[in-house]
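So the protein lines, in turn, are chains A and B. Under the UniProt record's numbering, the letters of the first sequence match residues 1 to 877, in that order. Under the UniProt record's numbering, the letters of the second sequence match residues 1 to 271, in that order.
It is worth saying that the hints were derived from the structure and are not from the lab. Keep in mind the model is a prediction, meaning the values are calculated, not measured.
Below are the BS3-like pairs computed for lysine-lysine, each with C-alpha atoms no more than 30 Å apart in a straight line:
hint, chain 1, residue 1, chain 2, residue 2
1, B, K162, A, K77
2, A, K61, B, K206
3, A, K76, B, K202
4, A, K205, B, K210
5, B, K162, A, K275
6, A, K69, B, K210
7, B, K130, A, K92
8, B, K130, A, K219
9, B, K162, A, K205
10, B, K210, A, K76
11, B, K210, A, K74
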Amino acid sequence: MKDIGARRNRRDSDASAEVPDFSFDYNDSDTLDNEIAEWYTYSEEPEFVWNLNAFNDLLNKHYAGKKWKDLDVKEKKSHVLRLLDYTEIGDKKTRDNACRSILYLCQGTFSETENINEYHTNLFENISLLFDCDTFTVFLELFTFEINNLNENISVDSKYAPCIADNVDMRVILSVLYTILEVIRSFENEYNSKRIFANQQMVLKYQSMRSQLNNELNKPMLARSNELLSSYLFQLINKFCNQNIIVLPIKKIILFLWKCLLFTLGGLDEAFCLKNNYRKLFNLPIINENPMIILSQMLPATPPPNPVDIANEFQFSNPNSLYKRKKNTSETNNSTNGLTKQTKGIDNDDLSLTNGINNSSGRVTQFVLSTSNDTIDSENSDQIGMETDKKEDNESSSVDDSENNTTRPGSPPPVPNEEQKKVLEAANDALSIKFNLSYQTKSLPWQPKVRSSELEAFLDQERKKFLGYGDLSNDLDTLVGLPNPIHESVRILRQHLYNSLADEQIKLEEKFLKYPLSTKEINSLALESPAEILFSNLLTNLPQYLICLLKILLTSVPQTRPKNDSLQIMSDLFPEELSGSHYLTIKLGIDTNRHKEIIIKAISAILLLLLKHFKINHVYQFEFMSQHLLFANCVPLILKFFNLNISSFIQSKNNNQQLDFPNCVIGTQAEIDAEDLENGDMSIFRWRNVFSCINLLRILNKLTKYKRSRVMMLVIFKSAPILKKILRIKQAMLQYYALKLLKMQTRHLGRQWRKTNMSTMSAIYQKVRHRLNDDWAFGNEQETQGWDFQSDECAIRNKIDKYIQRKYKSQEEPLYPDYVPSDNSFFNCVKNDVEGLIPEDFENNYEQWLEEEVFSNEIKWDSLITNDNQSNSLILF
Amino acid sequence: MVKQDSYDGEFDELNNVKSLLFIRRNRPGCSAKKWNDWPDEDLEEMESTLAVQQYIQQLIKRNPNDVETILQLPDQQDEGVWKYEHVRQFCLDLNLITVRLQQECTPTTCTQMTATEQWIFLCAAHKNPKECSAIDYTRHTLDGAACLLNSSRYFPSRVNLKDSSVQKLGSVCRRIYRIFSHAYFHHRPIYDHFEKETSLCKRFTKFVTKYDLMTSDSLIVPIDEETNDLCSSNTESDKNEQISSIQENNLEKTQIENENSYHKPSDESEA
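Generate the whole structure from the sequences, applying the supplied hints.
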C-alpha cells in the first residue's frame, strides 16, 4: 500500500516540473457533480448496488413490477413517507434498508437513467420530494442516534485500524444529509451557469427550499437541543481527534461541515455584499472593487526561473536527461496539436502584455508623478529614477527569463509596433477612465490605498521637517506652514484614503471601554447574523476545534511519514480485507491520495471561510481565531505543505472519472484495468488541489497581514524560496496571493535578494495593490527596529480578551455590577417562576382580593386633571 | 371579568351584548356541567389570536363525530395554521385515550410498542434509539409532540407559520398514529369505547389522508364509515362521560383556555 503511494508520488514528481497553462475559475466550491463525486470514495462503489437492491426490494413489496419513474407523484410521496416510517422501526435490518432506499433516491435513482441529464432531472425531483417530506430533520435525528450509539460502544484500542464496515450505517445517513444540502445549496449556481437545465417551477421551488433550509440551519438543529448543526459537527471532529473515536467517517464529516458553513455563512459574493452592508452601517463608502472579479481577469505572470533549480538540474542531471525533458515537452505538444497553438498564443499575449504593462505602467507612474511629482518628498524623489531603472530591469529580466528558460519553446519575437501603439492608446484610455472595472486593465489592477494612520505619519514627518515640531495628534487637516508640493501630496493621499471596517470596529471597541454604559452597538443587525450566531456558539471550544482541524490537515499532507500518534483518517476508505490483486492495490493507492486531497480541500476551505466571515462580523473575532491558529503552528504547517512538490500536487493524477459517481453506475461500464488507473484522467490540473493551494495561501495572507512580528515569522521560516516556487505555476490568483506574501517581507529580505529577484519584484509591482506610503521595494532601515513576537501577540490578546469579556461574558460577570440595568420587561417578569413568591392562600383567593381591594374602591381619576391642590398632594404623597 | 353575572337581567338591551362579553373560561373547580358551557361563536367574530383553536374545539364540542365539518377548512383560513391547530388538538385529545390506556397498558403487559406484531418502533425521545414499553412510548411521543408544537423555534407564532415548520407536522402525525394502532390491536375495548365517543381516530385518518401526511397503507386501523349516523343519536350519558374524561386531562387545556381568555379581562378593565 505504502509502496504504491510512494511510487505514485515519484511518478508524479517525475511528470513535469512545468505546469502548462490552464484556465482555473476560483469559486466557493467545485461543480455539483464533482462535489458529489468527491463525497464517495472508490472503495464505496459496491454499496451503490446495495442501495439499489434495498430500494427495489421495498418498492416491489408495495408496487410490484413497477419502477420508480412509473409511479405518479402521489404514489412517490406516499412511498417516501412509508420509507420514513420504516426508519423508526426497531429492527435494524428494516431500518437500514429504508435508509438505503432513501439514499438511492438521493443518488438520482441511477439505475433508471441512461445519461447524466436524466440523472440530474431525477436527482432534483427526488431531492425536492424528500425535502418536502422533512427527510432532512428525520435523518438528523437518526444521525444523532447513530452517534450516541457509537459513544457507548467505543473501542479505545488505538492500534485498531478501522475499515468501511465500521461506519456503514452512519455513512448512509450522512450521505443523505450531504446530498440534500449540497443539491439545494448549489442548484441556483448550477442553473445560472447553465450546467443543468430545469423548468421555472423547479427553480422557484428550489429557491424556497433554499431559504427554508438556511433558516433551519441557522437555528439549533433539533427541537430539543440548543446546538447548531455546525457546532455539533465540530464536536464530532473533536471527539474523533481527542477521544479516539476513530470509526467516524472523518472525511465525510469535514465535507459536511464545510458545506454547512458555506451554506449558512454564504460564499464569496455574499461575503462581499455583507462587508459593504456593514460598511454602510459605519458610514463608510462602499467598495466597488470585487477582488474575485479583478483576479479572474488577471493574467498570470511569466514565472521566474528558479536559480536553485537550474543549478540543481545542471548538477544532478546528465545532459541526456535535459535533452529528454525537452523531447518530452515537444512530444506532449505534438500529441495535443490544437493545444500547442493555443499555448503559443497565450505565450504571445503574455509577453506582449508584460511589455505593454511595462510601458503603460511607465506611463502611469509618470502620470502619478506629474500630479504628485513634487509632492513626493526629497527622500522619495529618487523614486523616479528607480522607477525607470526598474522598468529597464524589468525588461531585461524578462528577456533573461526567456533565455534562461530552457524548458520553454523559443520565445516569440518582440511585440509588433502596431500592437505597442494599441497598448499605449489603451493605457491612456485607462487613465482617462478612472478605475473602470469592466475595462480589461492594461494599467494597474488595483486602486492604491492609504490608511489614515499613514497619512498622519506623513504629515507628522513633514511638519517636523519644515516646522520643527510634529506631534499634532490626530490633526489631519492643518497644512499651515507646509510648502505647496506637500499640499499636493496630501491631496493625493487623501484621495486614496481608505478606512477599513476593522479600524472602525476597533475604534468602537475602544469607545466601549471608555464609556461602557452609554456606547451603543452600531451594528445591531450583526446580533442575528449567521457568523455571530456561529461565533457565540463556538467561542468556548474554538481553539480546540482549530487544533483538531490542523491535526487532520497535517495528517493529510502528502508525503508525511505516518507517526505513532498520527490520526487514522481512513475509516471511510479501507475495505474490510485488503486484496492482493494489482488492480485493487493501485485503486486503493489512488483512492487514499484522493481521499487526503479532498480532506485538505475541505479543511482549507473551512478555515478560510471562517476567517473571512469572522473578520467581516467583528475584527476581534477574526483576531481571536487567527491567534489561535498561529499558536497551533498553522504558519509552519502551511509552509511545509508548500515546500512539497506543488506543481505535481496541482497536476495530481489521483482521480478517475470512470470511477466517479455517478459515472460508475450510469450506462454501460467500460472495463478499467490497472494501466488506465495509473494514467489517471486527462485533465491538466486538479480543481480541488488548485483550490486548496489558493485557500492556504489566502489563510497565510490573512494571518500575517499588518502583523510585523508574524511577517518576521515568514522570514524566519525562509518562506521566500517556497513562495517563489509557487510563482512557477501560471495561475494568476495563485501567483497573486504568493506575491502578496512576498511583498510583505521584501524589506526584510535584503537588497541582495531583491537584486536577484527583479522579475518577482516587478510582478509584485504589477499585480499587488500599492500602498502609497509603503516603501516595500526599497526600504531597508526597518530591520534595525526591534520586534518582539511575544509582546505583540500579548497586546492583541489583551484586546481580544476585553472584547470577549464585554460581549459574551458580561452576563455572567459584569464589568460594572452596580450599573447593570434592572430588568423591567413585562415578558421577562411573566417568564419568571413565581411559585413560592405568592402565598398559596392568596393565589386561591386573589379574585376576592381584586373584588374587595381594587374594584370596590372608587378611584377618582378625574381628580388627576383638576387643579385641586389637595388631590395633587394626595397623588404625590 | 368577575362581574359578568351582574349584567344578568339588568338591561334587556344588554342581553345581546352579553354573549360578546361571555368569558370563555373554565374556572378551577367548576362542575362538569359548567365545563365549556358557553354559546358558540362564529369564526369571524372571534377576536382572540387563538381563534382557530377555539373554533376547532367548538366544532368538536358540538358534535365530535361529524368529522367532515370539523376538518372543513374555513374560507380565507391559512392552511398551514389550520393543519397545525388540528395536530395540536389531536395531541390534546390523544391524552384522553392515554389516560384510559394507563389503566390497562403497563410496562409489564405491553413491553414493546407494537401494532400488528410486525414491527417494534423506536422511541425518539431518548438520546439513543430505544425500545420503550408501549405506554412509555405513548407518553414520550405525546411529550415530544407537545414540545415540538410549543417550541418557539419552529412555531413562534400561531398566526403565521413558516412552510418549514408545517413540514414538521408529518413526522408528528406518523408517530402519534402508532398510539391508535397499538390501542386498536392490543386494547380493543378501550379503543372502541373511546372511538365511539370521540371519533378521534376517524378524524385523524381523514385528516392525514386529506393533507397527504401519511401513506394509506400505514393507516392500519380500520375506520367505520357509519359512525356518522351513530353520532346523531349520541346520548346524553355519553356526553357526560365525555365531559368527565375531558376533565381528567384538563391541565393542559385549562392553560390554553387561560391564554384564550387572557385578552378579555384586560380589555374590560380598560373599559
